[in-house]
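S.K.: Residue-level listing of the chains:
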Amino acid sequence: VSDALITSLQANIADLTTSKAKLHAALKQARAEAKEAKDSAAAAAAQLAAMSSERDTLAARAASGPEDLLKQVAELKGQIAARDHRDGFKAAAMAAGVSPTAMDDLYALSGLKPGDDPAKPEDFVAYLTEAKTARPWAFTGESPSASGQTQAGTAGSQGTLALAATQPPPGAGRGAPDHSSTAFKVRKSDLSNGAWMSQHQADVARASAEGRLVIAD
Amino acid sequence: MANDIDGLFATVLSAATSAASEITQYKNAFIDAIYWDYQAELQAAQGAAIDVILPTVDEGDVVDSQGGAYTPTDTKHSKATITLDRDFTTSFLIRSFDQVRTRIELQTKFFKPRLEALLRKMNRGVAELVTATNFSTYSVISGSGADVFARADLGGAWKNLAGRGVPVESEMDMSFITSPVAYGNMLSDSNFADESVVGVNASQAAFQQAKLMNLLGARPYYDQHLARFNSGKEPGILMHRGAIAGVTVNPLSGADYKAIVFPKPGLPVLVEVGYSIKDRGWLVGMTAQWGCRVVRPEFGSLVETA
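Here the protein sequences come in this chain order: A and B.
To convert, note that position 211 of the first sequence is 211 in our numbering; the numbers rise steadily by one, no gaps.
To convert, note that position 107 of the second sequence is 324 in our numbering; the numbers rise steadily by one, no gaps.
Please note that the accuracy of each hint is not assured.
Stated by the list, open to error - Listed next, the in silico DSS-like pairs over lysine-lysine satisfying Cα-Cα at most 30 Å (straight line): (1) A:Lys185 - B:Lys244; (2) A:Lys188 - B:Lys495; (3) B:Lys495 - B:Lys428; (4) A:Lys20 - A:Lys38; (5) A:Lys188 - B:Lys428; (6) A:Lys185 - B:Lys495; (7) B:Lys481 - A:Lys188.
Hints listed in this document are in silico derivations from the structure and should not be mistaken for laboratory results.
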């Protein structure tokens, strides 16, 4: 093999080595760029999904928004009308002498509803005049049960009632009721003591009529 | 099961106290119109003389000391000695327990009528004191109307009392008591019953309830027991409570079962129960021991119709 050939082959080998190094570098760069492109694509996809969701929400909100708002406005208008109506009733009731504690009960029992126009105190005069006879407890502060009246009420009536303590009926055929806890005890000497009897005659009469009198020696 | 004495007494007590608390049938005006002194601590024998203190307003009790010491006097409220000369009793016999099985029966059939009768008799005793002799400080005012008084008649009596310093402004103590005839005529007399004269309320009360409203600061009543001062003329008296005083005490009793009830404030009535062998039944007795007399004749002025 001639030297020229060897030199030529060595030169080729050097070129090939150089080309290999260049290709290796190029491949490395291409891989890095491919990875970067892949990451970028994933981020873009995620952003796209978020934006799609946001777009859908906004689109839905845009589509349904006006009806909800109208409903909400109507509800608030109703609440304001009810409040004004109740305030008007309270003003008229206060002027008519209704007890503050019976105010809510009487309003609930009235069954009156707000109208189109704002309520005026004179709108309630007829009802309050009638109530003065039909529901006198509301004007004295007395609870309906204490005045011996039942509260008819409307279905929505939720007045707070102060109920009187219930009294068990006398036991029929089972002996006299036990009054021992409320017995009125007197000594025989008290009964013939004028000064004592002048103060307690009515108590003795009441207790004996109710079977609560106990005469001790 | 037979009742025992405790049960009987409890029923009697219940009926008596209830009856005493519900005396309403007769007004007994004089009992309400006089001064009563109930001496609760006293148990006096029949005929005892009891001193009754009469509240007296006397300017002589006030001294202008000019910066000096007090000038104390003994408590010298004027007092009147009243004899405990009345011992009114009423009683009934329970032969069978069936008669007193219920309190209501005993109360309505026995106690209430007897207590009413007792009060009526006491009222008569007080009314008998109202005579021209006992009230001679002023001459009897003779009215001009036949069986009816005129306003001027009452005005004359009022002037008598006010002129002598009687506290005529005290409405609870002043009474005008007359006979049912004169009272009834006043109810339909224009001077006492017409709306244009006495106002609508007084006119309504006169016509609808036979009640005369206060006259010259006194409560007007009628009383059947008031006797005429002169024949054919209806009587009347304008009086302050202090004109007549009565005294009451707790009656003496040795009974085991007894109680004191008050058909009127200050008027004690002893109710006692015991078995009487002689009478063969349970004896229920009621006693009121009292006395009264005119103590201040200047506190009453008599009037009569023509």
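S.K.: Does the structure break any of the earlier hints, and which numbers would those be?
M.R.: 1, 3, 5 and 6
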